[in-house]
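For the sequence shown, our numbering begins at 1 and goes up steadily by one.
In short, the hints are calculated from the structure, not lab data. Watch out, some of these pointers could steer you wrong.
Stated by the list, open to error - Pairs of lysine to any residue residues, derived as SDA-like cross-links and limited to a Cα-Cα distance of at most 20 Å, are as follows:
hint	residue 1	residue 2
1	Lys14	Gly139
2	Lys16	Lys6
3	Lys6	Ile168
4	Lys37	Asp178
5	Lys6	Arg51
6	Lys118	Ile168
7	Lys58	Gln40
8	Lys6	Ser60
9	Lys150	Ile168
10	Lys118	Lys14
11	Lys118	Met26
What the hints assert, rightly or not - Label pairs and their in silico Cβ distance ranges:
hint	residue 1	residue 2	range
12	Leu176	Asp224	30 to 38 Å
13	Glu219	Glu92	46 to 54 Å
14	Ser23	Ser53	33 to 41 Å
15	Asn91	Lys217	40 to 48 Å
Each residue gets a CB set at the ideal place from its N, CA and C atoms; glycine is no exception.
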Amino acid sequence: MTESDKLDIIIPFKWKSAKSRLSNMMNLEEREEFALKMFQDVLNTIISFKRQSLNDIKISVLTTTNDVPDCIKDERFRVIVDTRRLNDALNELISVKSIEDNSHLLILMSDLPLVNTKIIQEILNREEDLIIVPGRKGGTNMLFIKNRSKFRVDYYGISFKNHEKIAIENGLSYHLYDSLFAGTDIDEEEDLLDLLVFGEGEAKKYLERLGFVAVSKGEKIFLDRQ
Numbered sequence: 001m002t003e004s005d006k007l008d009i010i011i012p013f014k015w016k017s018a019k020s021r022l023s024n025m026m027n028l029e030e031r032e033e034f035a036l037k038m039f040q041d042v043l044n045t046i047i048s049f050k051r052q053s054l055n056d057i058k059i060s061v062l063t064t065t066n067d068v069p070d071c072i073k074d075e076r077f078r079v080i081v082d083t084r085r086l087n088d089a090l091n092e093l094i095s096v097k098s099i100e101d102n103s104h105l106l107i108l109m110s111d112l113p114l115v116n117t118k119i120i121q122e123i124l125n126r127e128e129d130l131i132i133v134p135g136r137k138g139g140t141n142m143l144f145i146k147n148r149s150k151f152r153v154d155y156y157g158i159s160f161k162n163h164e165k166i167a168i169e170n171g172l173s174y175h176l177y178d179s180l181f182a183g184t185d186i187d188e189e190e191d192l193l194d195l196l197v198f199g200e201g202e203a204k205k206y207l208e209r210l211g212f213v214a215v216s217k218g219e220k221i222f223l224d225r226q
């Protein structure tokens with residue numbers, strides 16, 4: 001990106017009944033609060049990056065309900081409520097018809113508490129039309145889209161492969177950005193261990209308050225709740 005380029009950042013965020021795959025580790029209230037803490041870490045990183053950047057950056061949070069925590073209601077970003085499935089909601093926002101100009105677009109999920117400003121800058125500095133950040137289980141954690149008129153999202157299934165295919169079909173150059181921190185979305189028990197080991201933000205602190213610890217046994221590290 002050049003300094004004159006505009007950038008839209010969209011963070012899809014699910015709060016209600018979040019992180020059901022952690023049900024064996026946390027109750028509903030804890031999971032919802034944990035999802036909120038991860039979102040706050042992602043948002044803090046984005047806001048910090050915006051302060052450092054010379055670009056015109058707009059931040060949006062995409063959610064499915066008006067019933068959101070008070071901390072989501074913030075003048076630093078807008079909240080977009082769309083009850084449709086994620087693909088439909090995002091593809092509407094990607095559409096050039098729905099925006100004033102063809103600004104670049106960065107989509108990143110709200111469960112990436114290890115993402116930092118250096119990672120974001122490296123992604124934005126890439127020259128390809130599309131940057132795909134795969135998750136470790138085959139999903140897509142981040143997308144940087146330069147040509148919005150030639151791209152749509154498809155997040156279901158092995159979605160990073162879906163996005164590769166869409167780029168090829170539309171003649172777009174693309175790059176798979178390989179990163180441990182950006183590739184770690186927090187969904188399952190082993191992901192909590194990664195967050196405890198590598199994390200620094202609010203999500204890690206919340207896990208520690210709940211009693212989660214990384215326990216070393218010989219050459220291996222295990223997750224425990226005390």
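Hint by hint, here is what the structure shows:
This hinted pair checks out: Lys14 and Gly139 have alpha carbons roughly 16 Å apart, not beyond 20 Å. With a C-alpha separation of about 32 Å, the suggested pairing of Lys16 with Lys6 is violated against the 20 Å cut-off. Restraint check for Lys6 and Ile168: the C-alpha separation of about 25 Å exceeds 20 Å, so the hint is violated. Pair hint Lys37 plus Asp178 does not hold up; C-alpha atoms about 25 Å apart against a cutoff of 20 Å.
Of the supplied pair hints, the one linking Lys6 and Arg51 holds, its CA atoms being roughly 14 Å apart against a limit of 20 Å. Of the supplied pair hints, the one linking Lys118 and Ile168 is violated, its CA atoms being roughly 28 Å apart against a limit of 20 Å. Restraint check: the Cα-Cα separation between Lys58 and Gln40 comes to about 17 Å, which is no more than 20 Å; the hinted pair holds. A C-alpha spacing of about 14 Å is found between Lys6 and Ser60, which places the hinted pair at or below 20 Å, so the restraint holds.
Among the hinted pairs, Lys150 with Ile168 is consistent with the structure: their alpha-carbon atoms are about 11 Å apart, no more than 20 Å. A threshold of 20 Å between alpha carbons decides the hint, and for Lys118 with Lys14 the separation of about 25 Å lies outside it, so the pair is violated. Taken as a hint, the Lys118 and Met26 pair is broken in the structure, with Cα atoms around 32 Å apart against an allowance of 20 Å. A hinted range of 30 to 38 Å holds for the C-beta pair Leu176 and Asp224, which are about 34 Å apart.
In this structure the hint that Glu219 and Glu92 lie 46 to 54 Å apart at CB holds, the actual value being about 50 Å. Checked against the hint of 33 to 41 Å, the pair Ser23 and Ser53 passes, with Cβ atoms roughly 39 Å apart. About 47 Å separates the C-beta atoms of Asn91 and Lys217, a value consistent with the hinted range of 40 to 48 Å.
Taken one by one, the earlier hints fail for this structure at numbers 2, 3, 4, 6, 10 and 11, listed in ascending order.
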